[in-house]
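Chemist: These protein sequence lines map, in sequence, to chains A and B. Using this note's numbering, read the first sequence as starting at 267 and increasing by one per residue. Using this note's numbering, read the second sequence as starting at 11 and increasing by one per residue.
Read the hints as simulated data drawn from the structure, not as lab findings. Quantities reported herein were computed from a predicted structural model and do not represent experimental measurements. Positions of the beta carbon are idealized from the N, C-alpha and C atoms, including for glycine. Incorrect hints may appear among the rest.
To be verified - Cβ-Cβ distance ranges computed for the label pairs, FRET-style:
hint	chain 1	residue 1	chain 2	residue 2	range
1	B	T87	A	I326	34 to 40 Å
2	A	S271	B	K105	23 to 29 Å
3	A	S346	B	N94	36 to 42 Å
4	B	R23	A	S271	31 to 37 Å
Listed below, chain by chain, are the residues.
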Amino acid sequence: AQSVSQHNHHVILSEAASLELGCNYSYGGTVNLFWYVQYPGQHLQLLLKYFSGDPLVKGIKGFEAEFIKSKFSFNLRKPSVQWSDTAEYFCAVKTSYDKVIFGPGTSLSVIP
Amino acid sequence: DGGITQSPKYLFRKEGQNVTLSCEQNLNHDAMYWYRQDPGQGLRLIYYSQIVNDFQKGDIAEGYSVSREKKESFPLTVTSAQKNPTAFYLCASYKTGTPYGYTFGSGTRLTVV
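Isolated chain B, as found in the complex (with noise of 0.2 Å):
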């Protein structure tokens, strides 16, 4: 079955590490996102990509990092610039020019200790 994969569900880190979470798709979607959902804030988007090595900052890029080298696939990279990054993070893709919504992931909970 098609779908989006997101792995791992849960992730630990320590304050200054890097760490990249992955999301693979293989609905053959032209665009991926990346957003972060906390309680109360809803989803806000990190980053998107249209294209394969086109990628477009969202609403709060800071401290976030990302590629897309292959159509299925667009992991993302929480560095240690980013001040707050434990959150859950959604992968979605979507098929552009289509009447179709998105396709999301399961999540990353993601735990900065």
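Chain A with its partners taken away, still in its complex shape (with noise of 0.2 Å):
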């Protein structure tokens, strides 16, 4: 069955620090990748996507991930966080089927 992974279920930084969150996905078909975040309260926003072409995205808030398809992983990168970073973050996994799959989450801390 299909299946997403994200390395860590909750991530506390502080502000200024790098952030990498990992994802992993089991599907072996072609598929569109996505974050997306949840802010305390607020309703899931798209962060970026990848469907082709160049395997390093940029999103919105400086957030960028990169597409691995040998490693089946869309890792999610920001080189200096602040601390309205505070959130979930979710990584999704379009398959050829349409049937998108959630990850389960990290929730992370942004420190002052």
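Please assemble the complex out of the two chains, which come individually in their own frames, going by the hints.
Modeler: Below, the structure is given as structure tokens:
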């Protein structure tokens, strides 16, 4: 069965630290990949997406992610986090059958 | 403005009762999805539908049922067979074949007492 895993359940960083959140998926076919963010008390928002082309994609608020097909990974990065980045981050994979599966989420806490 | 409307925002039901959550979109999206969000478990797919009159089970379909009689509407019924129905339910839609992500509804928080 297809699945999405995220490496960390909860990450705590100080402001200005670099961030990398891991995401791996299990599906052998063509995928589209997404990272979503949910700020406290708010709805899910799309951070960035990969459909094809350059495997390094840039999203909003300084986030980027790299698709490594051989590793079935789509890790999210940000060079310098801010307190306002405190949120829950979800990786999602859309299979060729339009089935979209989310990872369990990583809760990020940024300490001022 | 186009979007997805979920109603109601909060719903309380007694144990053993079926309850139907509404999801309507005016985005002309083909595909619609229902997810359940529980603390520490992220979003789990309940059902999804790519076209009218067709839908597929997700990972946790037991105890739920859906219908897709119209492109705009994808109601979810939480039946009495669902063992732990108290959760936050999110509806989403997507235009197949396009490089866009989902559009999410605002969610319905269901509490069964």
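Chemist: Mind checking the hinted window 23 to 29 Å against the Cβ distance between S271 (chain A) and K105 (chain B)?
Modeler: Once the Cβ atoms are compared, 28 Å apart, the range 23 to 29 Å for K105 (chain B) and S271 (chain A) holds.
Chemist: Would you say the C-beta atoms of S346 (chain A) and N94 (chain B) sit inside 36 to 42 Å of each other?
Modeler: holds (41 Å)
Chemist: Is 31 to 37 Å right for how far apart the beta carbons of R23 (chain B) and S271 (chain A) are?
Modeler: holds (33 Å)
Chemist: Can the suggested window of 34 to 40 Å be confirmed for the beta-carbon pair T87 (chain B) and I326 (chain A)?
Modeler: holds (36 Å)
Violation of the numbered hints given earlier is absent; every hint is satisfied by the structure.
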